[in-house]
Amino acid sequence: MNDRNSINSNQYWNHRFESDWELNGGCEQSRFFARVAIEALPQWLVHKVRWDNLSVCDWGCAQGDGTETLAQLLSWNVTGIDFSQPAIERAARVHRTAQFLHENLLDCPDRPPFDVLFSSNTLEHFAKPWDVFEQISQYASKFVVLLLPYREFDRHVEHEVTFDSRNIPLSPTPDWVLAYESVVDTRSHEPTYWLGHQILLVYAHTEQLSAQRLALVDARLSAGDSRATGTFAERIVARAPAESSGADEAWAQIDTERLRADEARAQSNAERSRADEAWAQMGAERLRADDAHAQLDAEKSRTAEALTQLDVERSRADRTYVQLEAEKASTQVSQSALATTATQLSALTQECETLRDKLAQSTTEHIRQANAVHVREERIHFLQYREHTLMTEVSTLLATRSWRMTAPLRIVRGIPNWIRRRMNDVNYVYRNGGAWDVAIRSRAFVLKHLQRRDEITPAATVAKLPLAQPYPADQATGTTAVAQAPRTPRALPDIFVFSIIDWHFRIQRPQHLAREFARAGHRVYFFSNHFVDACEPGYSIEQLDDTLALYQVKLNVRSAPAIYFAAPTPEAIEQILAGMRQFSHWSGTDRSWSVVQHGYWYPVATRLQSECVAYDCMDHHEGFGNVPKELLRLEEQMMERADLLVATSAWLEDLARKHNPHVSVIRNAGQYRDFCDAPAERFVDPRGRKIIGYYGAIAEWFDAELVALIAQSFPDALVLLVGADSAAVGDRLARYPNIQMTGEVPYAKLPFYLYSFDVCLMPFRVVPLTLATNPVKIYEYLGAGRSIVGVDLPEMAQFGDLVRIADTHDSFVDEVREALADLPDSQEIVSRRKAFAAGQTWAHRVADFRDAIRALPRPKVSVIVLTYNNLNLTKDCLDSLERYSNDVDLEIVIVDNASSDGSPAHLPAWAASRKNVKLILNHDNLGFAAGNNQGLAAATGDYLVILNNDTVVTHGWAMRMVNHLRNDPELGIIGPVTNNIGNEARVATRYRGLDEMHAEAQTLTDRRLGDWFELNTVAFFCAMLPRSTYERCGPISEDYGVGFFEDDDYCRRVQAAGLRVGCAEDVFVHHHLSASFNKLGEERKRTLFETNRAVYEAKWGRWTPHKYRETTGA
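Using UniProt numbering, the letters of the sequence shown correspond one by one to residues 1 to 1114.
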């Protein structure tokens, strides 16, 4: 089957599909035969497949045109399969309704069967078609549907068999029976691609045949065919005696002609075989000649390099000899000083040891103080949260009607004491100063009291405490005093982790993911939820690991708000974005992936022009019960806008898929190497009791009642709880003498306690929050090989028998009892637990994260380049498109308006060498609008770009404009800033060539990253619109002939549709300005302008001339 001359070989069909398949109407034939099959199918089978949602395989689907027809017209779930890689690649690229797989069922792959296997005009290519049927029927469980040429006595050169009623079996194998057949005369179809008959055969599996309960009328076994030909048969019978001898002669002549055809076919195949062999031999000779030339050139190059190297070595040897002579003289001097140096070295070594000890003590003290500072920061944020909550309650109380109504009662109640105090004051003043002094002091007291009531507010009583700043900020720029990172291109994008916690808080998923991204080679910047209270934008940097490119960044935000209690204000967003621009300038970031872990960051992360914005949905935040609705709304918007939505559990996955189609489940994990080995020291119970242990947060989801029951059930065991208690659980468990709580401990100390646990607990309450939880501690428990008992949550199912599961308090206690009774655990179960944990590390999760991002579909952008002469400018434009559009799925549609400068000769070869290019050559200059409309109609992208050929695009131009359109659905069309245009999009530039242009463009746009402004008209030298705008507003108006005013007209239509017109300040496109119009001459341009202005004003009223912005520098 590997011989290319074989009709059924892979090489033969690859060659067909890559050369003449489409030229010979292969696509149209596939659709034609699919429609023939659809018309001939029995209705009971059509309904069966649709109602039972049966899976259908189109075996031998070629380039998928027939498969697409089946899927569209029958609404079937169809999968096309073919053994030709080029055919399947084209099918998957062109057709989106069906799925396509590159497989060869005749190689007996190990795959599950489909319910229905369909094949159109395939078996005739095989000499033993029913042996092939036996092979392929293994991949169908209910029905096999075949469409075959019928009574093809003059066979096609590629066909091996002629099918008629004599060689079509009713039961090809014991398991399959013919349930339906229908003969179709395709000569009457318009158009037709088969001048003869086709037969449709439906074979049913024997089990399915009995289950289907078909009647005789459902089988149609040649009924229609006999009715259609009955009269004709009767005539033949009547004429039979008279024409018998003539028929015999005709059959003999047919046999003779068939023999001649077979001989011609054999001779043709032999000639084709010899030609292919000669061609292959010629190619081999050419390859050998090329290899010989390459080897000769390599030998010449190596010889020249060797001679050069020899000269270099000779010169180096001469210099080395001179240096050795000089060093010999200096060695004698050095030896005399060596003894003195040795004595000094001994003294310095002793001093170094002393300093090392002091440094170790200082480092320990620094770490202790740093930890204390971070603990105080967390305490400050907690107290701020409590103060915020209490002040809200006080404000609510003071605003109630009952408080206002009882105000007189409070005044009356306090009057006696107040009068008594004031009378004592008056008596004292009267005795010491008289009546006049009493009056003066009384007046001053009243005024002071009223003033204090106006000035004192509850908020003024709270002191602002500054946060620690690891590096001092530069007062001039607001940036940190860290050396600027080099501006070198990086192979991997930087990772921006917009975290839900500070790095120095309890080690959890955010820190683990960030560290593993850094270990994978990325630079990782971990943006803390703690802000620096400052009025000016800025940031501070803390390097977290000397061996990794891993940093924590704290941004400046006025009042340093906590991210948990309110959405960011517009002022905070702008200050954060300004700080991020300063930071990106320092870091030299040109590519980034943003990993967002809290909805507060949504308005910031989506404006940073990252290649991917991923929302890492770790928890069901609504389940916490205290999250403000405005933050929940931001989270919902983040889930809908994210390029990738990551869920940590199956429960969260179900929620996520309601908001976003691009969902990936990346569960939590464990840092196996931190837990797999027993520590040198471990916790020891002084009384030697069995230890039932838990570590982690002790919060509102912690089941204190269950732990109390465990303590009661096992009074001779120690219940050891390790972790911060934020829900006053300790107060409820204080009466149990066998419960011990340690409080928060550092992450590094967890193995000290874990390896003392005989049984590990996961005592969670079953609430919406925990239903969505994938617990990290289970992976860590398993990494130590410990025995575990947990509550029945959805995410526990993945651990199988490695974890004991209980769904009630009593059964939980029973499981703990069984776990204690099974101690010590067998080495087999311990090894299985560790093996599972070793395959579920944070490194695995980051690998999954990276794969999920790389698998995301890129937005398809179709760029329409209209050309009219200026071939050199066209070449620069097309080169920049290919060079700077790597972050999108680019389609280029070139429309040439009858250029006379060699463009029609150059462009076809350029377009033919690229798969993503379409070319339209006009014989007449149709004008700007008509030419662009041709390109827009041919474009297939989700985003459409009108681009003049006298432009040069820059790095990231397309993705940045796409992101602006995605971030604001009301934005209907957008353009870039440029060096040369007659409206607000123009910015001042200094560059003198295209090389300088790209560097200056990056500086201009990075300063305004994420910004765009609204203007009245986008000039159509470069404009991007989503397909939705194009479908709402239609093509460009062709009322303006060759050009002028088309862009004004289209922008009025966009605005009339309720959409906005924008200009992206972070996208720059170089523009030569009117290179094509300048060919027309000034007089014709002026006449054209005035004529089209009148056309525009007749539609839209008085035209408003374009103008520059007051400040055109970015």
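Calculated from the structure, these hints are not laboratory results. These figures come from a predicted structure and were not determined experimentally. Idealized CB from N, CA, C, for every residue including glycine. Mixed in with the good hints, there may be bad ones.
Below, a list of computed lysine-lysine pairs in the BS3-like style, where the Cα atoms sit at most 30 angstroms apart [to be verified]:
id, residue 1, residue 2
1, Lys-918, Lys-860
2, Lys-875, Lys-834
3, Lys-860, Lys-834
4, Lys-629, Lys-658
Ranges between beta-carbon positions, derived for each pair [what the hints assert, rightly or not]:
id, residue 1, residue 2, range
5, Val-665, Pro-1105, 30 to 40 angstroms
6, Glu-818, Val-766, 53 to 63 angstroms
7, His-293, Ser-330, 20 to 30 angstroms
| task | Could you say whether the range 30 to 40 angstroms given as a hint is met by the Cβ separation of Val-665 and Pro-1105? | result | At 56 angstroms between Cβs, range violated.
| said: What's the verdict on Lys-860 and Lys-834, does the C-alpha distance respect the 30 angstroms limit or exceed it? | reply: Violated, at roughly 45 angstroms.
| His-293 versus Ser-330 beta-carbon gap, inside 20 to 30 angstroms or not | violated (55 angstroms)
| query | Within 53 to 63 angstroms or not, the Cβ separation of Glu-818 and Val-766? | reply | violated (21 angstroms)
| Hint consistency between Lys-918 and Lys-860 [alpha-carbon to alpha-carbon, up to 30 angstroms] | holds (15 angstroms)
| task | Compare the distance between the alpha carbons of Lys-629 and Lys-658 with 30 angstroms, and conclude whether the hinted pair is satisfied. | result | holds (19 angstroms)
| message | Need the status of pair Lys-875, Lys-834: alpha-carbon distance at most 30 angstroms? | response | violated (60 angstroms)
Of the numbered hints given earlier, the model fails hints 2, 3, 5, 6 and 7; all others are met.
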